[in-house]
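Peer 1: If you want the building blocks of each chain, they are given just below.
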Amino acid sequence: MMGYIQPSDGPPGQTGKGGEGMADHLDEPNLSPPGGDPSIDITDVYAFKKGNKKKSTLMLNVNPLTLSSSFNHRALYQLAVDTNGDARADIAFNITFTRPHSSQKVKVRRATGDDAREDEVEGDVIISGPTDTVLTAGQFKLFAGRRSDPFFFDLLGFLAGFAFTGSDFFADKNVFGIALEVPNKALGQNPNVGVWGRTLLPEEDDHDDDHDDDLMQVERMGRPAINTVFMKGARKREFNRGKPHNDPAEFTGDVVTVLKSFGHSDAEAAGLAAILLPDILTYNYESGAGFLNGRNLTDDVIDIELGIVSKGAVTTDGVAAHTDLLGVFPFMGPPH
Amino acid sequence: MEKINRRKFLTLVGVGSGAVAGGAMLSGAGLLGGPSGDKSSGTFSFRAVSGLPGGALPSYASYVVQGNVNVAARSGVVARAVYAGYPGAMSTIALPGLSQVVRVTDVREAEGAVDITGVIDDRSQLRPGEDAVVQIRVDRSRGVAWTGFLGQNVEMRLQA
Chain A
1 MMGYIQPSDG PPGQTGKGGE GMADHLDEPN LSPPGGDPSI DITDVYAFKK GNKKKSTLML
61 NVNPLTLSSS FNHRALYQLA VDTNGDARAD IAFNITFTRP HSSQKVKVRR ATGDDAREDE
121 VEGDVIISGP TDTVLTAGQF KLFAGRRSDP FFFDLLGFLA GFAFTGSDFF ADKNVFGIAL
181 EVPNKALGQN PNVGVWGRTL LPEEDDHDDD HDDDLMQVER MGRPAINTVF MKGARKREFN
241 RGKPHNDPAE FTGDVVTVLK SFGHSDAEAA GLAAILLPDI LTYNYESGAG FLNGRNLTDD
301 VIDIELGIVS KGAVTTDGVA AHTDLLGVFP FMGPPH
Chain B
337 MEKINRRKFL TLVGVGSGAV AGGAMLSGAG LLGGPSGDKS SGTFSFRAVS GLPGGALPSY
397 ASYVVQGNVN VAARSGVVAR AVYAGYPGAM STIALPGLSQ VVRVTDVREA EGAVDITGVI
457 DDRSQLRPGE DAVVQIRVDR SRGVAWTGFL GQNVEMRLQA
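Chain order of the listed sequences is A and B. Following my numbering, the numbering of the first sequence begins with 1 at its first residue and continues without gaps. Following my numbering, the numbering of the second sequence begins with 337 at its first residue and continues without gaps.
Everything labelled a hint here was simulated from the structure, so no lab data went into it. Glycine included, every Cβ here is placed at the ideal spot set by N, Cα and C. Take the hints with a grain of salt, since some may be wrong.
So, partial list: chain A residues that the calculated Cβ filter (under 8 Å) puts toward chain B [unchecked claim]:
no., residue
1, R88
2, M216
3, V256
4, S261
5, F329
Using C-beta positions, here's what the derived DEER-type ranges look like [said to hold, decoys possible]:
no., chain 1, residue 1, chain 2, residue 2, range
6, A, P248, B, G484, 37 to 45 Å
7, A, D266, B, E445, 48 to 56 Å
8, A, G166, B, Q471, 19 to 27 Å
9, B, R463, A, D214, 43 to 51 Å
10, A, R99, B, D442, 52 to 60 Å
11, A, P183, B, E466, 13 to 21 Å
12, B, R493, A, D266, 53 to 61 Å
13, B, G479, A, A289, 49 to 57 Å
Whenever a hint applies, use it, and build me the whole structure from the sequences.
Peer 2: See the structure below:
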């Protein structure tokens, strides 16, 4: 069985805690106005265990700055799960929404095998109901709706070239959160899984709501920051349209180029790139450790990234996890 | 000198108030043309763009500075904002808290460039510790401009 490269497999001299930092907000200009739909712009993906040891929470957040007023009823929002380390989905949680009227309804289907790899709305419905409400069906829980953005980062300091200001740009921002609590067994028998999020739109708009269209992937994200930090210009869009199993062949050069510009040797850069790609959030659902084992809402992925990318020259942006997080599902704080 | 508030500035540069109300949706395109001059009136307009962050990291956002300046009268208005998207694919989403309107208080020509001094009258547009006085240099012969961003001097490309 193939396995994901863990941080301890990285190049000599690493601390064993590799990673990357900035999330995915607004990384796909084609999804921004004019002409784009921010509601399918992925901001973050999380996978963690909290409370019940036999359950995990997968989270797909979209709609940075809540620029859109609703989920896209034509889109497929997907949480993909690789159970055998080949960077291809073996399980997919396919999330769709009804047309927005006074409110929206959400439906989650679970697809497996070949169905999980299709760019279509496949699978059996496991949970459904109105948005902005915690839903329960058997061992599954679901929340989809406006929440406080749990991502924390001194974005302005980053834009100023690591001249950090100590202010958390996202402290008062909202997103549309999709939180899905699943029994671990719904993620497969192998506890070492890979998780990533995708959003897809119909290739052609037939103006119906039956979700039976041929879909095209427009955004994807596993670990935070891969696209934002390492992909330049038009490569951002190419990366968003890509598939994780192709990442090492298609995007290693982009990652290596950035790492080398910060002083990493060829070997170091190649070693780190092999950790960062494919862009999948590795997660052992039997472990409570945080990032790189999954990603908790409180994991300071930025600080981890800064140290790695800058080769230790920058170690922190000076901001910490938000204090509005909830101790219970859906864990994200109430909207501002 | 007359103070120019945000609404008046946007009227001058042709943006309706509706576009401003949302803040984050302020249009970054088409407010003003490229660097152009009018010798009879002594005015010129410019628009300069730079990717942020600069340096080795791929740009994530675009810093846009654009304005109308009357060299003879040493007056004018300049807008500064940061838009999501790198310069080649800039969106119309202005990142909240980073849009500023600068009232020009002095204009000097030196070494083929124009040095513009201005002030941000609306103190709510200032970041903590940020100076309200703004310096901008526009060098049309070289096609570049410079101004500050969070204490860093940013070189920007003038757009035609």
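Peer 1: Taking the hints in turn, state whether each one holds.
Peer 2: Against the structure, the hints:
1. R88: With a minimum Cβ separation of about 27 Å from chain B (threshold 8 Å), the hint on R88 of chain A is violated.
2. M216: Result: violated, 18 Å to nearest chain B Cβ.
3. V256: It is violated, given that the least Cβ distance between V256 of chain A and chain B is near 12 Å, above 8 Å.
4. S261: Interface hint status for S261 of chain A: holds (4 Å vs cutoff 8 Å).
5. F329: Interface hint status for F329 of chain A: violated (29 Å vs cutoff 8 Å).
6. A:P248 with B:G484: 37 to 45 Å: Given about 41 Å between the Cβ atoms, the range holds.
7. A:D266 with B:E445: 48 to 56 Å: This hint holds: roughly 49 Å between Cβ atoms.
8. A:G166 with B:Q471: 19 to 27 Å: 25 Å, holds
9. B:R463 with A:D214: 43 to 51 Å: Given range 43 to 51 Å: holds, Cβ gap about 47 Å.
10. A:R99 with B:D442: 52 to 60 Å: Because 56 Å falls inside the window, the suggested range holds.
11. A:P183 with B:E466: 13 to 21 Å: 51 Å, violated
12. B:R493 with A:D266: 53 to 61 Å: Once the Cβ atoms are compared, 32 Å apart, the range 53 to 61 Å for D266 of chain A and R493 of chain B is violated.
13. B:G479 with A:A289: 49 to 57 Å: The hint (49 to 57 Å, Cβ to Cβ) holds, given that G479 of chain B and A289 of chain A are roughly 52 Å apart.
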